[in-house]
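Trainee: One-letter residues, chain by chain:
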Amino acid sequence: MPRQSAEPPSRCSNLTAIRQGPSTVCEMIAIKHGASVSALSVFIAVLLCSFLPCESFGQAGDADRAAQSQQAFMEMAAVLRHPRCLNCHTSVDYPRQGDDQHRHLFNVKRGPDDRGVVALRCRTCHQADNQQASGVPGAPGWRLAPLRMAWDGLSPGQLCRALLDPTRGGMTAATLVEHLQTERLVAWAWQPGRNSHGERRQEPPLSREQFLALVGSWAELGAVCPE
Amino acid sequence: MIAFDLNGKQVNAGVDPETPLLWAIREEFGLTGTKYGCGIAACGACTVHVDGDAVRSCSIPVSAVQGRKVVTIEGLSKDRSHPVQMAWIARQVPQCGYCQSGMIMAAAALLARISRPADSDIDDAITNICRCGTYKRIREAIHAAAKR
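If you read the protein sequences in the order shown, they are chains E and P.
Per my numbering, the very first residue in the first sequence carries number 1; after that it's consecutive.
Per my numbering, the very first residue in the second sequence carries number 1; after that it's consecutive.
Check before you lean on any hint, since a few could be wrong.
[What the hints assert, rightly or not] Just a few of them, taken from the derived set where beta-carbon distance is under 7 angstroms, the chain E residues facing chain P:
hint, residue
1, 101
2, 105
3, 107
4, 117
5, 119
6, 120
7, 125
8, 196
9, 200
[To be verified] Output of the computed footprint for chain E on chain P, the stretches with three or more beta carbons under 8 angstroms from beta carbons of chain E:
hint, region
10, 100 to 111
11, 119 to 129
[To be verified] In silico DSS-like pairs for lysine-lysine, Cα to Cα no more than 30 angstroms straight-line:
hint, chain 1, residue 1, chain 2, residue 2
12, P, 9, P, 69
13, P, 69, E, 109
14, P, 147, P, 78
15, P, 136, E, 109
16, P, 78, P, 136
17, P, 136, P, 9
18, P, 147, P, 136
19, P, 78, P, 9
20, P, 147, E, 109
Source of the hints: derived by calculation from the structure; they are not laboratory data.
No residue lacks a Cβ here, since even glycine has one placed at the ideal position from N, Cα and C.
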C-alpha cells in the first residue's frame with residue numbers, strides 16, 4: 001500500500017506503528033495475535049519494527065485508514081459468513097444447521113419472536129450448554145437472528161452495510177463491537193461442540209481473539225465498508 | 001443432588017448433573033411412560049413439560065431443571081382425564097403406542113398456548129415422529145381435544 005510520508009527512512013523505536021492499522025507487517029502481527037497482544041507477539045513486532053524503516057509506517061492518511069478498515073472487514077467477513085453464524089442469520093422462515101447448512105431437521109420454524117413456535121421452541125431442545133449425550137448444541141438465549149439481520153447471500157460489502165444500517169442491524173460500530181465481544185451466542189461459535197455423530201463442528205477460520213482484534217481495528221479505523 | 005418438582009412432588013436426583021433428564025426420570029424415579037427414541041432430540045418420544053414448555057428430555061441435562069417443574073405423561077392428569085388423553089382414547093389414536101406419550105405431551109403444550117389450533121399450527125408444533133403413521137388420527141384428536 002503506498003505511503004505519503006515525506007520523512008526519511010528511519011528505524012522504529014516504539015509500537016506506534018501497530019496502532020495505525022493493519023497494513024504493515026508489524027501491524028498485521030499484532031492484529032493476528034489478538035486484542036490482548038501477547039508478550040511474544042509484541043516482542044516479534046518490536047524486533048521487526050527495529051529493522052524496518054518508519055517510512056513504511058508513516059502517517060496514515062484518511063484514504064489509507066479507510067483502506068485498512070475495509071481490509072479488516074474483509075477478513076472479519078470470513079467469520080461472519082461462516083455456517084456457525086449464517087445458520088441462524090437466515091433470510092428464510094427457518095434455521096439451518098450443520099457445516100453444510102442444510103435446513104433444520106423436522107420442519108423447525110422461526111416463529112413470531114425468532115425463538116420457534118408454540119410447543120417447538122428453540123429451548124425445546126437447545127439448552128444453555130452443548131449437550132454431549134445428544135449432540136444438541138446450546139448457549140444461553142438460543143434463538144434466530146431477526147429477519148432484518150439476515151446475512152445469507154450478502155457479499156462482504158453488503159454485509160458490512162447491513163450491519164450498520166439502522167433499519168437492519170440497528171447498531172453503531174461501537175455497539176456492534178460490544179455485541180461481538182460480549183454476546184454469548186457469538187462466543188458459542190468458537191465452542192460449537194460435537195454433533196450427534198460425535199464429530200466436532202467446524203469453528204470459524206479465525207480464532208475468537210483474532211476476530212475481535214480485527215473488529216476493533218475495523219471500528220477504530222472508521223468502520224469503513226468494502227465496496 | 002438436583003432438586004426439582006416432578007409431577008407435583010419435590011424430588012432429588014442423585015445422578016451425574018450431566019445425565020439427560022430422560023434417564024433420571026426413567027431410572028432414578030421409575031417413570032417409564034416417557035420413552036427413549038432417537039436420543040438426539042429428533043423424534044420427540046421423550047417429550048415432557050418443563051415449566052409448561054414442551055422439552056425433549058433426552059437432550060436436556062438434569063442439572064438444567066434444578067428448581068423447576070417437570071411434568072411427564074404420568075403427571076398430566078391423575079385419572080387420564082386431560083382433554084388430550086380423552087381425545088386420544090376416544091379416537092384410538094395409537095397403533096404400537098411407543099411414541100404416543102411424547103405426542104400427547106407435545107399436543108398438551110400446544111393446546112395450553114393455542115386453544116383452537118389451525119392445521120398449520122399443528123404442522124408447526126407437532127414434529128414428533130410416529131413410525132406407525134398415525135398422524136391423521138393425531139390431528140383429529142388434537143382438534144377434538146380443542147373443543148373440550
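Trainee: Work down the list of hints and note, for each, if the structure agrees.
Mentor: Hint check:
no., hint, verdict
1, 101, "violated, 18 angstroms"
2, 105, "holds, 6 angstroms"
3, 107, "holds, 6 angstroms"
4, 117, "holds, 4 angstroms"
5, 119, "holds, 4 angstroms"
6, 120, "holds, 5 angstroms"
7, 125, "holds, 4 angstroms"
8, 196, "holds, 4 angstroms"
9, 200, "violated, 16 angstroms"
10, 100 to 111, "holds (count 4)"
11, 119 to 129, "holds (count 7)"
12, P:9 - P:69, "holds, 9 angstroms"
13, P:69 - E:109, "holds, 26 angstroms"
14, P:147 - P:78, "holds, 21 angstroms"
15, P:136 - E:109, "holds, 21 angstroms"
16, P:78 - P:136, "holds, 27 angstroms"
17, P:136 - P:9, "violated, 35 angstroms"
18, P:147 - P:136, "holds, 17 angstroms"
19, P:78 - P:9, "holds, 13 angstroms"
20, P:147 - E:109, "holds, 26 angstroms"
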